[in-house]
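Peer 1: Got chain W sorted already, so can you dock chain E onto it with the hints?
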Amino acid sequence: MASEAVYSHRDPMLKKRDDFEDILEERRNSSDLRYALKCYTPVLYKGLTPCKVSELKQMVLQSDQLGYVITQVSKEKGMTTDEVTGDAAAILEEMAQRLQLSTVRFFAFTLSKVFKTLFRSICVNEEGLQRLQQAIHNHPVVLLPSHRSYMDFLLMSYILYTYDLALPVIAAGMDFMGMKVVGEMLRMSGAFFIRRSFGGDKLYWAVFSEYVKIMLKNGYAPVEFFLEGTRSRTAKSLTPKLGLLNIVMDPFLKGEVFDISLVPVSISYERTLEEALYARELLGVPKPKESTSGLFKARKILSEDYGSIHVYFGQPVSVRSLAESRVNRSQFNLIPRHIPTRPSEEILSFVNDSAYRLVRAQEENMVLKPWVLLAFVLLQKQAAEDKQGTALDEFTEQAVWLRDLSRHYGAFLHWPDHIPPSEVVSSSLSLHRGLVRISEGRLLNQAVVILSCVSYRNQALNVFIRPALLASAIHTAASNRKQEIYNGFSFLRNMFSNEFILCPGATVQDFEEACYLLVKTGALQINQQEVLITERGHRTLAFLTSVLDPFLQGYQVVCRFLCEEDCLTEKQFIPAVRKFIIKHLLTGRLRYIEVLSSDLQKNALAALIRLGAVQKIKGYVGFTHLRVPLETTKLFSFTLFISSKNILPLLSVI
Amino acid sequence: MCCLCNTKRAMCLLTCGQSIWVCLQEIMKWNGWGYSDSKFLYNKKGQAEFTGKRYRLSGMIIPGLREWMESTFGANLQHKTPAAPILNSSAVQPPTLNEAFLKELKSTGIPFSHDAEDRVFRSHGHCLHEIFALREGKIGRVPDLVVWPNCHNDVVKIVELACKHNVCLMPYGGGTSVSSALECPPEETRSIVSLDTSQMNRILWIDEKNLTAHVEAGIVGQDLERLLNESGYCTGHEPDSMEFSSLGGWVATRASGMKKNIYGNIEDLVVHIKMVTPQGVIEKSCQGPRMSTGPDVHHFIMGSEGTLGVVTEVTMKIRPMPEYQKYGSVVFPNFEMGVACLREVARQRCAPASIRLMDNEQFKFGHALKPQVSSIFTSFLDGLKKFYITKFKGFDPNRLCVATLLFEGDREKVLQHEKQVYDIAAKFGGLAAGEDNGQRGYMLTFVIAYLRDLGMDYYVIGESFETSVPWDRVLDICRNVKARIVRECKDKGVQFPPLSTCRVTQTYDAGACVYFYFAFNYRGLSDPVHVYEQVEHAAREEILANGGSLSHHHGVGKLRKEWMRETISSVGMGMLRSVKDYVDPNNIFGNRNLL
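Line order of the protein sequences matches chains W and E.
Using UniProt numbering, read the first sequence as starting at 1 and increasing by one per residue.
Using UniProt numbering, read the second sequence as starting at 1 and increasing by one per residue.
Next up, chain E with everything else stripped away, as it sits in the complex:
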């Protein structure tokens, strides 16, 4: 363990007071998702179990998971593919250090490290190929140095030094990227310095008159919410990765939160941004809620994916914490009806804080993740519900699908709102299916990422990807992309039919956000990651051919760069290019994302 971590922890404890925040690196997996103590595994009895204490599912047995995995993927408990347990430091290339830079950096007193473990931890996001390689102990190009600035001024100093000594800087926030954005460009010959913003995690002030908070950009989602909650506020920005992703990362990728219907996406939430670039610091002079001062410079920053500079401080809108929250769910006879209902909800502009529609495969998957029920009564009740829906109402269990809902606000309005949404749902054949199903649906979004690690223990690899699409295209894109995945897998020699499923996760006036999940059993394939990448590539082509966007909120990174020109036109590329050329002519922020 590096000594820096200890000093860092001490420092964190100092700054965060009673916070449970500690050096995340120490409690997180180095080659998988999330906390080290939380993971799915098969216990001695062969039952699936989720370990740890952090989540509602933690410590529970999940009886249906094994059968689901076996029947869906043809996976088998006998065929394991365990990950390399610890990082082999000798596999990590020695750092290329820029001595002059290092010398001056030392004099500033900003903490840094060239320890192999620190560098590897910041060398990747969570794309399948990145995690797969780590599990096999394969390490590619990693940053040569990690620095931990503590505040905006530290960042200014680091960027100045980097420019002076021609060092490549790569900002690092929560490390949850799924666009290869954190991959070090292999062609980069300069020393690469990972600029970890995790120490800039303070709320600097809260302005209750204007309902804004000024926050350092390194703060991760869960801390931001928790700290604001202590004062009775929230931002309401809850991306699925909010446990680990950072405010700066949200800004840099144009993130979207689950409850955007009430609170808005990051671009709606941000009032003011401060960013350090090689040309200096960019920020607006006031905090007016809207301006007509030429193109909004914030929009050069949002989505710049670390190619222009480091976001250091952000003023964000905040809201009083909601008085009342209520989950809900609706069962539809089929996906078509479900989509029609969501469209109507969007038309009437009465979407609850969150509304998501899972297709049939995902409904079944959610079902397989039901924890063991303790009382006979609950299981009896479940049976009765199932009977009612499939036999009495005549829903085909192989076609029905579920929408999960989350309402927020004052109690009376929530109940009124709830009734309105359920009334619309009824017009599309939807049956209310209880709070419990809804709540479990949302809980699953946090644990689902852990499930990929379990799959990878048993020859199953998978990933999710997203798009946004006009309403009239939603059904077509869902059908075609899912079918394309199945066909491509077959063509590429995948032995078992893949899991190919989708859900509609956000509604807008003019369209929706669609998420695809895709996983397959790779036994018998010599290069599973390559097959996986080919299929994902084909799926993205299919998305674009069906009128979908390149990305709704994951960003472009290096993974989707090849489609940028057709997405935003050559002129659009030129515009972005010229901004980059002005702001960072020497490509100090050289992660080579986006363009």
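So here's chain W without its partners, still in its complex pose:
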């Protein structure tokens, strides 16, 4: 419980955040060409030894780290070291960026044009950029933006160029390279390309990690990558991927640099370009392969209004202070540092915790538009089968109630307070008119709309998730006893830790945070033994319970599906479970269309595998009756106690 001591209640309402400045405003009033050709002299890292792109490659190929792996591989494969070095050079060639100012200027010009047509404004916190500038001067910097759209990294570079900050080198997926011209252009604007999977390829890993480390250590440029690994299709933050974070932390852990600054960046779109695309993808319509021609088709997007973008550069996080009293750095004293070693348990858990912390930092500074809250109300209505639609003033009243609640919970809400709420609501509705008029029609069409709405609602889930877990735990608990509620909370939290960003091992903190928020807003009274719902707390708790309800039911339906199946391949899983869900939706036994999201289905499966209720055997999934670990029995009792509240018919099997 060491982490418990670290935790302290800070009132989320008191969270101080910077003001925003619209960078498009100036673009609308002055020449884009002059802007693209402006004098660009960024502040650089103080320890920088300037070097060219080609020198950088030489440094990688001549590094001790790579040298070691090359010798190893040449022995294993019976090749000469020259041959292996040739392979390494080829990998590097395929991977390396070729940052060029002229290309950046080209992008600065064209993106100005594009952004002005697409967006009303691009708002950034200038104080954050000042902090970033300071950070770049002092230490190697890693930029960690949230990932919701292809736009993200172009946008990042665009902003950094605008503010005369050092342009980053960006880790991009190899799929971009498919787009011939564009791929090369991205390369010249700082992108370097990595294969999506290279599990066993030692040489590839060595080249890649050394390339990143050398750029970072020398302060060549800030290194940018996406902690979430891929774009989140649901607008919920994804469980962070640890590979790259591990690589960029390594130079600090091994003492090669004094410190490294990690800068979480939160990019929030009022409307994502990929809105409908994502919904279709989640419903099983495959995603189009990235291609240049596809990009041109995307031109019709240009005629639409995508509202505004908010980009918040968070407080730089020092790896040194993260690691303080957590990592014993002298563990690297006894093996030469250039010999690749598997990171210890201690390091892995440190990197994992740091990753969660950073994703949470991203979440906290995401700007939420009124529409996000409206999506909650709309979806809850929809699930309640309220077919008549809602009177605008009732709708507004609910939105205002939710606005106040979310503010109490520390949401970074951009609700224009000087405008009457009814106008705020109607203007939000009009921006998203494509989604709001939910009509009858085929399930799939309806589902696309619903999932689009869900992706907006999801943007604020992180604000409510802990209280919602608590509310559900209270709802399902048989008594008011605090311990019992805690157990329920802990179970639910564990169950949903693939679904939401819930730091591993922080159950107690999360429970206390949830209690704190609910007590603060007067929804609960908690004493030593008991948890009591207050008179005015019922509305809040009802709302919070229904926040989690779609997920609960989704997981249950996945459970039921798996119970009915003996054995199936992983590939079959999604189509089969989808069919099963559609059947339930049509019979009316399931109310939430959003359960059709393949994201939820995959998460549910991953959770069941993690909890040991389902076992993966050579690519097959299915219930195992042989191993009945503790988790399975817990799961069993969970489904029981939920069913005792008549949420779903009892799950008979297991």
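No wet-lab data here; the hints were simulated from the structure.
Small disclaimer: the values here were computed from a predicted structure and weren't measured.
Among the hints, erroneous ones may be present.
[Claimed, not checked] Below are the DSSO-like pairs computed for lysine-lysine, each with C-alpha atoms no more than 30 Å apart in a straight line:
1. Lys-52/W with Lys-490/E
2. Lys-490/E with Lys-254/W
3. Lys-413/E with Lys-317/E
4. Lys-393/E with Lys-217/W
5. Lys-393/E with Lys-57/W
Peer 2: The following block gives chain E in isolation, referenced to the frame of chain W:
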């Protein structure tokens, strides 16, 4: 003045013949470094000056020092923090005497004293906190009695009496410890007796066939060298503290000398050791140059830091005095190149007697310590050199660094060796920068300790500490430890950026010894010593995290004890512990160092 000192002086004069050796206590500062007559001060014109006649710098004006101090630390001549001028004897606690022990001691005729001044003088080493407290007139627990054995047999008698009467013994050599090793443990309730070895300062014999000398362990470095020189020999063991530190102290702390590349460190120099312990005397039966007789018992003694007994006599290797000595220096464009050059020199195993690499801050510091030049010609020449290096060769004055060199041996070989080293240096962008710079560099190592006292007169406190580290870690450890010091100072509320600098002072096959210097202006801090200690603690943590050792030659004492277990493992601690338990079960040698 105590009467004992006079008798002692008479005695010394007797034993040392024409020697200038006198009772050191009388000519040394009681609350600062070194000789009373030698110190830095600002004269009436506000210029820095070094007083006395003992050093090359003595009597000279140092024009650049004031500006350097002002710009580096934000120090100001208006803001003085003078030390308490004389020891206030009433601040010293009356001695806890063990009457029975005293009575028997008297009967042996070994000189002793419980005079306050004698006791305070032996109650400390030269850690910052020790000197700071003395300057403020604060005296903690001090030894209750000082004894001056004259020979090995005296020591045997004293140790026997101490065991018999359960008295705590603390051996005292030159008093130059920087590890809190001489601090009396405050929890010690027994009478503490400081066993001062200074009277055991004779060379007992010289064996020219085997090139060894048998010496009493209380002799201080400069006397040992001088006396051996008279016979045409030297040990070549020259730690920076050699003016005051003693042979016994070197053995007890595993000392290292500047010229170890030729002569070796203390463990290489020692052939035979005699030590008196509560269990009796330990020594080997022969003087074979190497033995395979189980673990070398000398290694229980070396580094035991006075916890097992008193080293009384040592047989040491000696060498004929070198025919020729030559200083040198090389300027490198940056520290990285300098380290790469030292590494190459070590790889080729052609290190001169001494090779040291100062970083840029230290180079500037050395520059500030240049004495006033008398001739216009010299200053013109200096200007020209500076122009050549910075403008013509394009060295950045804020990045360049300097290596100082000392070659020794016969003339021809020295010149050949010199060429080899300069050729290597050239490959790393190094430019030869003259003998003068080199010589001044080495001279500074002796006066630099005096400079701390000047700093302390003007709100500046500082210290040096060292480590040893594998070659591949040298640059990283230097960067990280220096940066850590700067950051910790800032976090702890130090108003001005500290001086945080380092140098590589020794090269080995597998690594190097690195020295850090750290000082800051403490105006505005309520507890500067505490801040200082926190920063030093953090710096040591950083050293260990970067693969550095707990100590290269200063030892552990009580200052670094807390890291011993992680340094040598629990089993290692158990081994040392069991030796202590066998040799000294009643903790007679109770200075509580090391373990």
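Peer 1: None of the hints should be skipped; say for each whether it holds.
Peer 2: Here is how each hint holds up against the structure:
With a C-alpha separation of about 35 Å, the suggested pairing of Lys-52/W with Lys-490/E is violated against the 30 Å cut-off. Using a Cα cut-off of 30 Å, the hinted pair Lys-490/E and Lys-254/W holds, with the two alpha carbons roughly 24 Å apart. A hinted pair counts as satisfied when its Cα atoms are at most 30 Å apart, and Lys-413/E with Lys-317/E qualifies at roughly 22 Å. Using a Cα cut-off of 30 Å, the hinted pair Lys-393/E and Lys-217/W holds, with the two alpha carbons roughly 28 Å apart.
Pair hint Lys-393/E plus Lys-57/W holds up; C-alpha atoms about 29 Å apart against a cutoff of 30 Å.
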